[in-house]
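Engineer: The residues making up each chain are set out below.
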Amino acid sequence: MTDMPQKTIPESSLTGEYKYGFSTDVDTDTLPKGLSEEVVRIISQKKGEPDFMLGWRLNAYQHWLRMAEPHWPNFSYEPIDYQDIRYYSAPKKRTDTPKSLDEVDQEVVKTFERLGIPLSEQKRLAGVAVDAVFDSVSVGTTHQKELEKMGIIFCPISEAVLKHPQLVQKYLGSVVSYNDNFFAALNSAVFTDGSFCYIPPGVRCPVELSTYFRINAKETGQFERTLLIADKGAYVSYLEGCTAPIRDENQLHAAVVELVALEGAEIKYSTVQNWYAGDKDGRGGIFNFVTKRGKCLGRNSKISWTQVEAGSAITWKYPSCLLIGDNSVGEFYSVALTNNHMKADTGTKMIHIGKNTRSTIVSKGISSDYSNNNYRGLVRIMPGAENARNFSQCDSMLIGNNCKANTFPSIEIKNNTATMEHEATTSRISAEQVFYLQSRGLTKEEAISLVINGFCKEVFKTLPLEFAVEAVKLLEMKLEGSVG
Amino acid sequence: MLNIKDLYASVEGSQILKGLNLSVKAGEVHAIMGPNGSGKSTLSKIIAGHPQYTVDSGTVEYEAAGRVVNLCELEPEARAKEGVFLAFQYPVEIPGVPMSLFLRSAYNAVCRHHGVEEMDPLDFDQFLHEKMKVLEMDDKYIDRAVNVDFSGGEKKRNEILQMAVLNPRLAVLDETDSGLDIDSMKIVAGGVNKLRTKKNAMIVITHYQRLLNYIQPDVVHVLHAGRIIKSGGKELALEVEGKGYDWLIK
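Residue numbers (this note's numbering), protein chains in the order written: chain A, 1 to 484; chain B, 1001 to 1250.
Derived from the structure by calculation, the hints contain no laboratory data. Glycine included, C-beta positions come from ideal geometry on N, C-alpha and C. Incorrect hints may have been included.
Computed beta-carbon distance windows for the label pairs [unchecked claim]:
| no. | chain 1 | residue 1 | chain 2 | residue 2 | range |
| --- | --- | --- | --- | --- | --- |
| 1 | B | Glu1073 | A | Asp281 | 34 to 40 Å |
| 2 | A | Phe408 | B | Gln1015 | 47 to 53 Å |
| 3 | A | Thr425 | B | Tyr1090 | 17 to 23 Å |
| 4 | B | Met1119 | A | Ser23 | 40 to 46 Å |
| 5 | B | Ser1100 | A | Asp248 | 53 to 59 Å |
| 6 | A | Thr425 | B | Lys1243 | 31 to 37 Å |
| 7 | B | Gly1179 | A | Arg204 | 50 to 56 Å |
| 8 | A | Phe408 | B | Glu1130 | 48 to 54 Å |
| 9 | A | Lys404 | B | Met1119 | 38 to 44 Å |
| 10 | A | Pro79 | B | Lys1140 | 24 to 30 Å |
| 11 | B | Met1119 | A | Gly48 | 54 to 60 Å |
| 12 | B | Lys1186 | A | Phe408 | 52 to 58 Å |
Work the whole structure out from these sequences, hints included.
Structural biologist: So this is what it looks like as structure tokens:
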């Protein structure tokens, strides 16, 4: 007897329960639905912003009005009614400017505790400074004092606008301009909070900086903006996590992240995205339209993106690097898992401008059920980019027979000294693999989880340890009850 | 320990085993020989619980911890936890999963089942190295992905290492000798012999008598057309080697 031909495991659904689906009852300060110049002005006023910010927002709004929503991703969705969304919702504080956590609604503090993100000084996570964003505003940032001693600024962006206007004015929009694309323009007009971080020259940030985004309010969009600057020779590792309650309606999340790395600086930016992805029939879930881009401005600078995308009904996201400084390095490591009716169109752009610039792209897509998972990437070598190098690897894994996986890699080379490597594979979890592991004592779920972790290994090993553990757990949770 | 009674089994709609009976006691080693297509691998897959192989009738009784269960009613992992082990003829590749993690996950799954404390990575590493020494495997091996880029011989050795780690009560070795050169075969057979005790049993499936020079069986069976047509001592293997199967089939 010879072995049977390898067969795929039968119909499956990655349907672990979404355990962050609860919502919190809090008194909120919420704007009525709809977007207008008036709304933009009110948001700016609520934040007490200087004039330059209001002017910038209004400019963005005017541009946005003339722009069209992009529809080139490889899937379609119900039209978004931008007048049916609330653009501001904040839990009410006991005072206007909370000096400490005691002044923040305790329900909000409890919410973050339930999410595993304790904010109080006694319980805060060691080794990780957290900025917690609840709907439209930041509700607390830990470790601020220790970081201040080293000259590191880590605070809500709304606070940075007031306290460090010169830095904000210099860098905000310098990587993703207010009219970059439809969603970036929308974000520029109405962004409400997010994190700001500045690492001074030569400083190596001793803890992981982290922002935890939580959407709570109904029918509200979340538009956060993150700006991270690593000055000459600085190093920072930054983590981002996201969850939202289970709701039947789709909710819009349109964020912008800008990174700036000056000479010799290194930024490591990791995301574990687990927004609510909708139910089994594709009802509800977050529409996640995000613009993330980093500028390697100085010589020998490095920006590394790692993302684990496991949530959202729709993900539209291309964390990119502009490699301007000579010898600068851009990296993109991604795991995108889609199940049920999720749709993902994600990838990266590496734009080589400086000499001897290098980029690495490792993308792992896992799709199951009726989901649609796409890698879309662009590697562009500009005429001045002598001796640029790129390595791209795009692997897809399919579970079941009804899902789709596509890769759309684009390469544009305008300098013939470039070295390019591209690898792509598509595989399935085979019944033989699962049986082999089962015959050694692992359950079907443990077996599938092990195979998937092996598939994602190159990406997971780039995550900070705590996050890698969380990412593995997240995939396991999503995979619970996955096969027959 | 194992009692197979009047077993009929199919794969993809065609019946391969047709009334097979086999009884194995603790401490025994049984060799199963037979021409291609006689049902040797099907038997091993049925014992381990491969989902594509179905039992049409008959039972596979297995006695564990003083009680008798019908193996066919257990999931493959439950069989493994009860001490059933199959050394695969064609071991499967699991890209990206290091051997150390794979073996520790399997070992600890069995520990959990028996309510024994799990082994931490450091202790396990030491434990694993001892087992590897027996099979003359080098250190780099534990960081390699399961069976990925393993030579044929390495894959077979790896199966026996897994057996050494899991210490099964009933081990089925499915053509563990095929693809092995004589030196590798001696090492593998040496490893297997070290695992032989009075409490466990083995079923060794092979085409060739050669392996049985190194792993001495107590009983030799000849399988043909889904049934055991002849059983005897180890001299039966020599007879088959000399005369082929034709004289038995007639």
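Engineer: Hint by hint, note whether the structure agrees.
Structural biologist: So, going through the hints one by one against the coordinates:
no. : hint                             : in the structure
1   : B/Glu1073 / A/Asp281: 34 to 40 Å : holds (35 Å)
2   : A/Phe408 / B/Gln1015: 47 to 53 Å : holds (48 Å)
3   : A/Thr425 / B/Tyr1090: 17 to 23 Å : holds (21 Å)
4   : B/Met1119 / A/Ser23: 40 to 46 Å  : holds (42 Å)
5   : B/Ser1100 / A/Asp248: 53 to 59 Å : violated (46 Å)
6   : A/Thr425 / B/Lys1243: 31 to 37 Å : violated (49 Å)
7   : B/Gly1179 / A/Arg204: 50 to 56 Å : holds (53 Å)
8   : A/Phe408 / B/Glu1130: 48 to 54 Å : holds (51 Å)
9   : A/Lys404 / B/Met1119: 38 to 44 Å : holds (42 Å)
10  : A/Pro79 / B/Lys1140: 24 to 30 Å  : violated (57 Å)
11  : B/Met1119 / A/Gly48: 54 to 60 Å  : holds (59 Å)
12  : B/Lys1186 / A/Phe408: 52 to 58 Å : holds (54 Å)
In the structure shown, a violation is registered for the earlier hints numbered 5, 6 and 10, in ascending order.
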